[in-house]
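Top to bottom, those sequences are chains A and Z.
Under the UniProt record's numbering, the letters of the first sequence match residues 1 to 641, in that order.
Under the UniProt record's numbering, the letters of the second sequence match residues 1 to 641, in that order.
Read the hints as simulated data drawn from the structure, not as lab findings.
Positions of the beta carbon are idealized from the N, C-alpha and C atoms, including for glycine.
Worth double-checking, as some hints may not be accurate.
Computed cross-link-like contacts, DSS-like style, restricted to lysine-lysine with a CA-CA straight-line distance of at most 27 Å [said to hold, decoys possible]:
(1) 393/A with 502/Z
(2) 457/A with 258/Z
(3) 519/Z with 499/Z
(4) 393/Z with 457/A
(5) 432/A with 491/A
(6) 183/A with 144/A
(7) 154/A with 393/Z
(8) 258/A with 457/Z
(9) 581/A with 196/Z
(10) 519/A with 581/Z
(11) 393/Z with 258/A
(12) 116/A with 77/A
(13) 22/A with 457/A
(14) 74/A with 13/A
(15) 519/A with 258/Z
(16) 327/A with 258/Z
(17) 258/A with 519/Z
(18) 63/A with 50/Z
(19) 327/Z with 432/Z
(20) 457/A with 491/A
(21) 50/A with 457/Z
(22) 327/A with 432/Z
(23) 154/Z with 63/A
(24) 519/A with 50/Z
(25) 327/A with 116/Z
(26) 519/A with 196/Z
(27) 154/A with 327/Z
Some residues of chain A that are not near chain Z, with every Cβ distance over 10 Å (derived) [stated by the list, open to error]:
(28) 128
(29) 156
(30) 345
(31) 458
(32) 522
(33) 536
Each chain, written out:
2 protein chains.
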Amino acid sequence: MQGVDHLADERNKADFDVGVMKIVWAGSRHAYELSHRFSHLVANDPVFRKDNRPLLSRKELFKASLRKAFHAWKLIKQLRLNGHPSSLWEMFVPAIKAQGSEEQLQQWLPLMNKMKIIGCYAQTELGHGSNVRGLETTATFDPKTDEFVLNSPKLTSTKWWPGGLGKIATHALAHARLIIDDKDYGVHAQVTREGKYVPSEVPRQLSYSTMVYVRQKIVFDASIALSRAVCIATRYSAVRRQFGSQNGSPETQVIDYKTQQARLFPLLASAYAIRFVSEWLKSFYTDLLERLEVNDFCTLPEAHACTAGLKSITTSVAADGIEECRKLCGGHGYLTSSGLPELFSVYIPACTYEGDNVVMLLQIDLGSLVGNLSCLLCQLMENLTQVARHLMKAISHLNSENKPIGTTAYLCRAEQLMQYHSDVLRAEDWLKPNVVVEAFEARAAKMSMACAQNLSKFNNPDDGFQELSPDLVEAAIAHCQLIVVSKFIDKLQQDIPGKGVKQQLQVLCSIYALFLLHKHVGDFLSTGCITPEQGSLANEQLRSLYTQVRPDAVSLVDAFDYTDHFLSSVLGRYDGNVYPKLYEEDICCGYVGGKGSYKHVGDSKIEETKWIEYCQHMDYQNIVLKIGDELFVSKIVCVKD
Amino acid sequence: MQGVDHLADERNKADFDVGVMKIVWAGSRHAYELSHRFSHLVANDPVFRKDNRPLLSRKELFKASLRKAFHAWKLIKQLRLNGHPSSLWEMFVPAIKAQGSEEQLQQWLPLMNKMKIIGCYAQTELGHGSNVRGLETTATFDPKTDEFVLNSPKLTSTKWWPGGLGKIATHALAHARLIIDDKDYGVHAQVTREGKYVPSEVPRQLSYSTMVYVRQKIVFDASIALSRAVCIATRYSAVRRQFGSQNGSPETQVIDYKTQQARLFPLLASAYAIRFVSEWLKSFYTDLLERLEVNDFCTLPEAHACTAGLKSITTSVAADGIEECRKLCGGHGYLTSSGLPELFSVYIPACTYEGDNVVMLLQIDLGSLVGNLSCLLCQLMENLTQVARHLMKAISHLNSENKPIGTTAYLCRAEQLMQYHSDVLRAEDWLKPNVVVEAFEARAAKMSMACAQNLSKFNNPDDGFQELSPDLVEAAIAHCQLIVVSKFIDKLQQDIPGKGVKQQLQVLCSIYALFLLHKHVGDFLSTGCITPEQGSLANEQLRSLYTQVRPDAVSLVDAFDYTDHFLSSVLGRYDGNVYPKLYEEDICCGYVGGKGSYKHVGDSKIEETKWIEYCQHMDYQNIVLKIGDELFVSKIVCVKD
């Protein structure tokens, strides 16, 4: 980083070891070094430049992304980096890995790894999203030719949404209903040459484990997207000044306004919270794989529900958070050069398409290339409904031998939690981890129990589930938020070295939990978990935590270790030197202005019919003003460079 | 509308007179006829076609928008329509009208009206947004030449954000600090030829009235943007089916899912609520103008605070609502052809730049042309803070002669409202207008009073205001929501003819109010306005209202009377014939598919190094699959048309 650091004052204020925090954020020293090396490699490679993107047409953009993808693949091969090109189409490869037979794996994996084939995932049809059983495409076995005849009989059966990959793929993994001798077997694999259907030897559970893998990746990606936006908004909030000047002193930094803090700092805390819950999910997944190896499926249902729910809430928080960060940057946040509009539009599908390892690993911009959106966006509710079903099942098993485990274990204490009333007396009480966790447990348990009770009033459980689905979704959200809060607190039980690092994380953890409590105070009050007074105390504590975290804010986003290239945001520049770069790089919004004084020029007559042509002089750089006898109406003449 | 109406069943279900509702929505029969005529005129004029927009480069798009603007202007002149071209740059003209002297008006208005000049508004500087006093550009009077020398001394003083107009304007309204003989007069007008500063003869209050005008237009525009998105999402939710098929019956319409209803119907109700509050604001503004004519400034402070607050909350609801509608359309909502992504990105600044009369009136797409963003986005909080100041002032005057009036009149009953506890016993009680209004009044009053009390603890009121600003903002929101709810209820006191029209509006009004109550139940509970049981009853009533409004939903969006051209959304088509058009019009997302059966073709060998070139065959239309001995992995070859 050359030149003056406009944020040096901010960095000097930090009361913790940023270097250690970088390692905590990355997950381990090894992960940090790998990611650091990768990101600088990419930042310094001209093939990965991004600055010309806003002016490219869609087709040029598409081609540029392909060029980058190919270059990334070559790089990975050359440098023997830990990663492989197939991760460019993350849905294609894991699905084959999970559902393919040994023979199929041997045929396709080497081709994929050598990039001899490019595959896309063709499940969704124009008229059918997540309901796989409703797919209309059929695969009819023809024993004469030993081939399958694929047929999409109607317009609505058109395979849809493989995204950019659909345009360049050489192969597709197409989902279809199997037909043999006019009999419809549904979506299945494996038929003998004689035309006999043979159920797959691959256990169905393994395909669930792929889903778990993909979803935990999505949670991880949510932490990256959100932290990226938070990094931009935090740095710019420290640079930008507005109002509050007294006797010629500089105006107040925007980050010092309480309303700014109350919106920004919870997002900073959320980025860390999502990061740590994704770390936990990863270890959960590793444990799951080990269990599956020995045919132990006991944690699979929980993994399934847990990842579905966490995917839903973290991707929503990230998407909303990016948009909020854009607003926190004021008008300039709307500029393409702020990096936020593109981050938002690229993230929206990213929170749903499955994985994009290389994209994130190499921190390049392939958003326009990949994009298996499926209809997963509408799965937000479906995923939460899955969690709700899992919760209702757990409650129904309370009196059986098959008691709730893992993240639902607290429901075993449901009876006790139903009687819970917080005993908080002072604001500081809300800093105690067990006080917070108990309140979140009681809220989640009471909401779930109320749903279970209301469900029992319906003769047909399906009707009840449909009727009460909005309440069930709210209970599922409460449960998922409890998980995130608990895992953040668990993280703090670990041994974390480095001056002040653990203290910072404790502050962020409390901000995260108390912000959620404030946002959902209606839940906590209506379930009787807390009193209005206790709610006010939590709010009071929250405000004082904002003041506490303020001096460390810039360093806490530095800890993400993002390069300026990755952020691709003038507002989020590491050195805070925002305005000159904004002036140079703004290529998308018109502006009127000039360096130094305006010069007097002759009058310019413009005929009304000529203005369309006139406007084509778009490449002017300087604007010269004719000053008449008015102060505030001045003539502008565009001059060519 | 030709062909089959796929939504005919939905339209037959409606239990009210849609024709009359169209007039209610438009505000009057005259307004309806005008808007109907305009929108069909535009829809049938080839110059205004939009279908090629997604593939245009930024420069082409800019030129196309100019062409449309110019054509719109000619049309207005030819047809002597009620509107004038100057409204293309709404900030420039009203500002001159409000702040210009008689002489200035005579010089500039005719030129503007004949489009001999094109003006932009150059207030904001690169480093300064809403803080006009902080502007750095100076205008120094030079008595020798009788000219002002404008100087933007620093990079941060560069005039910024006139948007697209900055590129084509012939004139700019530039804000600068007046300097005479080295004395800095701040931002002011009018200097004599001898170099003597003369305060403007235009009363300062008149410039406030422009702001009131502009803001009430923004609230109106919010109702248009939100209703447009709601129209698309509602129609598509009735077309789209997913899951729930039994014994070969069609799948369930998405609109029948309770979770969909709980997210969609409040937005439908909000569109109507915002519409009616904007109607009220318009009459408030007319009244204000009449008062100002006779130097009666008594309603000005309220108008100022009221429009600031309503602008903030309605634009946020609209922006968030558009995004929510996109999610409600599942994956297809992300397609450009859904119309929602562009609506969102164009609306975001639209909720802040001032007006765009022609754009909305003629319903064309000038989003890329106009765009005086200023730094108004970050004014969300500032505006609400203004409201909060107004509320605190009203409370401080409670015991004086200068008692709160208009929308703050309820604060006169503060003492009584502080004792308020809702007496709701049954769910139906929540349908009574006075029950709802009282609860909202009590909540707003209690929140404001609590703020006033906490403020009084600070020695320095400014410190207190800064420290408590997040709470003050929440109180301001509660106050503004009360206004919207009250004005909706007031509307229902009017004589509204037409079968079932008033009944529908009553349902929507209750949905709006009870949805807000549910969303902010924490406020109502913590202020003791309602008990948790009363909150549950409100929720129960809300659910039953969703069921009630369901059969009328499609007709309620038909009442907006939007043409397919205006919606420019395949998903929101009037006839509901979504899929064939989606297939034809999708030009932005890759897809894999084919009409009819896939054909067997020869193997195609693709070398790994060739794939970049290969992908350039982007203009294929058909995809042919080679079927191997696998079911789900099939080779795809792109063939040129």
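For this structure, which hints from the list above don't hold up? Of the numbered hints, 1, 3, 4, 7, 9, 10, 13, 14, 16, 19, 20, 21, 22, 23, 24, 25, 26, 28, 29, 30, 32 and 33 do not hold.
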